[in-house]
Amino acid sequence: MSWFKNLLPSRIRTSNASKKGVPEGLWFKCLSCSAMLYRAELQRGLLVCPKCSHHHRMAARERLNFLFDDDFEELGTDVVAVDHLKFKDSKKYKDRLSAAQKKTGETEALVVGAGKIHGLPCVVAAMEFSFMGGSMGSAVGERFVKAAEHALMHKTGLISISSSGGARMQEGLMSLFQMAKTSAAIKAMNKAGLPFISVLADPTTGGVAASFAMLGDIIIAEPKAMVGFAGPRVIEQTVREVLPEGFQRSEFLQEHGAIDMIVDRREQKATLARLLAKLTQQPEPAI
Amino acid sequence: MNINFLDFEQPIAELQAKIEELRLVGSDTELNIGEEITKLEEKSRTLTESVFSSLSTWQMTQLARHTLRPHTFDYVEKIFTDFDEQFGDRHISAGAAIVGGTARFDGQPVMVIGHQKGRNTKENLSRNFGMPKPEEYQKALRLMQMAERFSLPIFTFIDTPGAYPGVQAEERNQSEAIARNLLEMSDLRTPIIATVIGEGGSGGALAIGVGDRLLMLQYSIYSVISPEGCASILWKSAEKASDAADALGVSADKIESLGLVDQVVPEPLGGAHRDVDAMAKTLKAVLAKELHECQAISIDTLLKQRYEKLMRYGTASEK
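So the sequence lines, in the order shown, correspond to chains U and A. For the first sequence, position 56 matches number 56 in our numbering, and the numbering has no gaps at all. For the second sequence, position 159 matches number 159 in our numbering, and the numbering has no gaps at all.
Since the hints were made in silico from the structure, they are not lab data. The beta carbon of each residue, even a glycine, is placed where N, CA and C say it ideally should be. Heads up, a few of these hints could be off.
Listed below are the simulated DSSO-like cross-link pairs for lysine-lysine, each with C-alpha atoms no more than 27 Å apart in a straight line [as the list claims (entries may be wrong)]:
(1) U/K155 x U/K103
(2) U/K51 x U/K187
(3) U/K88 x U/K102
(4) A/K236 x U/K94
(5) A/K236 x U/K91
(6) U/K86 x A/K309
(7) A/K309 x U/K191
(8) A/K289 x U/K103
(9) U/K224 x U/K51
(10) U/K86 x A/K304
(11) A/K289 x A/K309
(12) U/K191 x A/K304
(13) U/K91 x A/K240
(14) U/K187 x A/K309
(15) A/K236 x U/K102
(16) A/K240 x U/K155
(17) A/K281 x U/K92
(18) U/K92 x A/K289
(19) U/K155 x A/K289
(20) U/K155 x U/K29
(21) U/K94 x A/K304
(22) U/K116 x U/K92
(23) A/K304 x U/K187
(24) U/K187 x U/K29
(25) U/K88 x A/K236
Derived coverage of chain U by chain A (criterion: at least 3 residues anywhere in the stretch with Cβ under 8 Å from a Cβ of chain A; other residues may be distant) [claimed, not checked]:
(26) 39 to 51
(27) 96 to 105
(28) 109 to 121
(29) 169 to 175
(30) 262 to 272
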């Protein structure tokens with residue numbers, strides 16, 4: 001229906017296509033190998049290219065849908081951002097927020113659900129990269145804490161799926177402090193003896209990498225995900241040298257001991273279930 | 001142009017130069033120019049007061065980064081006694097951008113940890129401009145955990161442009177090093193009092209900044225991203241740094257108005273570097289009061305309050 005969409009005035013058009021997301025349409029060209037893929041097939045394969053295994057970015061809600069066995073209870077939907085700085089650059093923060101809400105259909109960059117994975121109760125907090133680059137402001141931090149609190153109260157595991165450029169500049173220092181807040185919530189999980197598994201998706205950088213995302217009891221990365229503290233451009237400007245091949249990709253991180261394992265998205269649900277079961281002294285789940 | 005003065009202080013610098021000149025003449029001749037000097041000094045003071053009564057956020061940023069601004073070691077020398085510097089993370093390096101060690105505060109054994117910038121290019125190169133590498137955060141954590149074992153309260157002094165963004169820093173997992181400190185500091189069983197003395201640069205600052213009290217010196221700044229970095233991303237030009245500093249609200253007074261800092265410590269007229277002794281004296285009194293308050297309650301209560309304080313950050317509303 002793309003020709004039809006072009007006829008619509010722009011305010012009616014819904015644009016789900018972020019730069020690296022998977023746009024609407026019957027056919028889709030793999031962003032890595034350029035193979036023409038039938039969209040329905042790609043979606044059945046969890047947006048992993050069947051030809052080259054490239055992992056395309058996935059919306060937070062789609063992740064919850066494929067990870068949980070059935071429906072999930074969504075948490076923290078009442079928590080939304082506050083523009084306490086009345087931040088304005090070329091655009092107002094408020095306008096950026098409503099644009100992001102319209103574009104993604106989400107109210108913030110973190111979607112939290114409680115449900116079951118292969119029968120094991122747990123909480124999953126997934127970041128929505130299309131929502132202002134998955135940036136963490138006060139609402140993301142608060143929703144993350146709500147996720148941890150739910151896990152603590154129901155004595156279940158917590159799983160996060162990160163995809164974020166880092167802290168949200170538009171909330172200033174308040175965003176920075178979300179790093180401390182979310183990390184403290186993980187400490188509470190540690191003390192309660194409840195597992196926290198962190199899944200790193202492309203990209204996980206800045207303030208999210210430097211807080212809860214790197215604090216998993218087990219850290220799993222998706223293949224070739226970009227993960228790091230500083231962005232490659234900043235590093236290049238600082239060291240004035242060309243960065244090594246594969247720098248800051250999952251494989252590089254694993255080689256340097258930063259993460260436990262790299263898991264294909266198609267194996268993710270089963271892997272998470274098997275790990276959760278072991279860390280919570282449950283029998284091996286039937287998968 | 002006197003480089004010890006910032007651009008907006010040049011009128012003060014000119015007056016000061018005139019006073020110096022008169023002093024030189026005065027010592028050479030029999031003329032009594034004392035009266036003239038007193039008058040000019042009074043004028044200089046009034047001018048400084050007026051300039052400093054309405055500083056912009058960007059001017060405060062410049063003061064926070066001033067080359068003469070007192071650094072961690074200046075406060076260690078003037079506030080603490082019996083300081084023994086302790087080096088190293090026990091694996092990789094001694095660590096020069098984060099310094100620390102045991103000391104005494106009014107006789108009480110304590111742990112002091114801070115970023116250390118250099119005063120000139122050579123010093124700055126050896127201290128990496130106060131930008132710590134992962135192993136330096138691990139050094140800080142090692143010292144903090146030692147402090148916990150021996151019940152030493154911890155004072156941290158924040159003054160960094162940010163954590164070092166380099167290839168090796170990434171290989172050694174800068175993100176995890178920062179995150180680990182945030183996690184551990186949230187529950188370390190000893191009082192932690194953090195003071196931003198100059199530049200509070202993002203995660204690199206926060207990684208030694210979680211605790212029971214957060215203080216900021218009047219002309220220090222604290223920010224989620226450097227104003228230059230923010231400007232180049234959102235304004236597409238690093239030259240808009242002063243606009244970004246304003247929008248981000250990096251100054252101590254703005255941060256206080258948002259309720260993110262416990263106390264702003266006033267600086268001497270013209271900034272901390274104009275009278276380091278006076279600055280240290282004021283700061284010491286505040287630190288003593290805060291430490292006393294932290295030690296007046298049980299450690300369990302203190303930790304509960306620390307956790308609740310962290311959880312309160314963020315005014316994300318519930319509709």
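Hint check:
1. U/K155 x U/K103: Violated - the C-alpha atoms of U/K103 and U/K155 are around 35 Å apart, more than 27 Å.
2. U/K51 x U/K187: 41 Å, violated
3. U/K88 x U/K102: 19 Å, holds
4. A/K236 x U/K94: Cα-Cα ~20 Å, so holds.
5. A/K236 x U/K91: 13 Å, holds
6. U/K86 x A/K309: OK: U/K86 and A/K309 at ~24 Å, within 27 Å.
7. A/K309 x U/K191: Holds, at roughly 19 Å.
8. A/K289 x U/K103: Violated, at roughly 51 Å.
9. U/K224 x U/K51: Holds. U/K224 to U/K51 sits at ~15 Å (cutoff 27 Å).
10. U/K86 x A/K304: 32 Å, violated
11. A/K289 x A/K309: 19 Å, holds
12. U/K191 x A/K304: Roughly 14 Å separates the two Cα atoms, so the pair holds.
13. U/K91 x A/K240: Measuring from Cα to Cα gives roughly 15 Å; hence the hint holds.
14. U/K187 x A/K309: Roughly 15 Å between the alpha carbons, so the hint for U/K187 and A/K309 holds.
15. A/K236 x U/K102: 25 Å, holds
16. A/K240 x U/K155: 49 Å, violated
17. A/K281 x U/K92: 43 Å, violated
18. U/K92 x A/K289: Violated, at roughly 41 Å.
19. U/K155 x A/K289: 40 Å, violated
20. U/K155 x U/K29: Violated, at about 43 Å.
21. U/K94 x A/K304: 34 Å, violated
22. U/K116 x U/K92: 39 Å, violated
23. A/K304 x U/K187: Holds, because 13 Å separates the two Cα atoms, which is no more than 27 Å.
24. U/K187 x U/K29: This hinted pair is violated, its Cα atoms lying about 43 Å apart.
25. U/K88 x A/K236: Within the cut-off at roughly 14 Å; holds.
26. 39 to 51: With 0 residues close enough to chain A, the hint is violated.
27. 96 to 105: violated (count 0)
28. 109 to 121: violated (count 0)
29. 169 to 175: Coverage by chain A holds for the segment 169 to 175 of chain U (6 residues, Cβ < 8 Å).
30. 262 to 272: violated (count 0)
Taken one by one, the earlier hints fail for this structure at numbers 1, 2, 8, 10, 16, 17, 18, 19, 20, 21, 22, 24, 26, 27, 28, 30, listed in ascending order.
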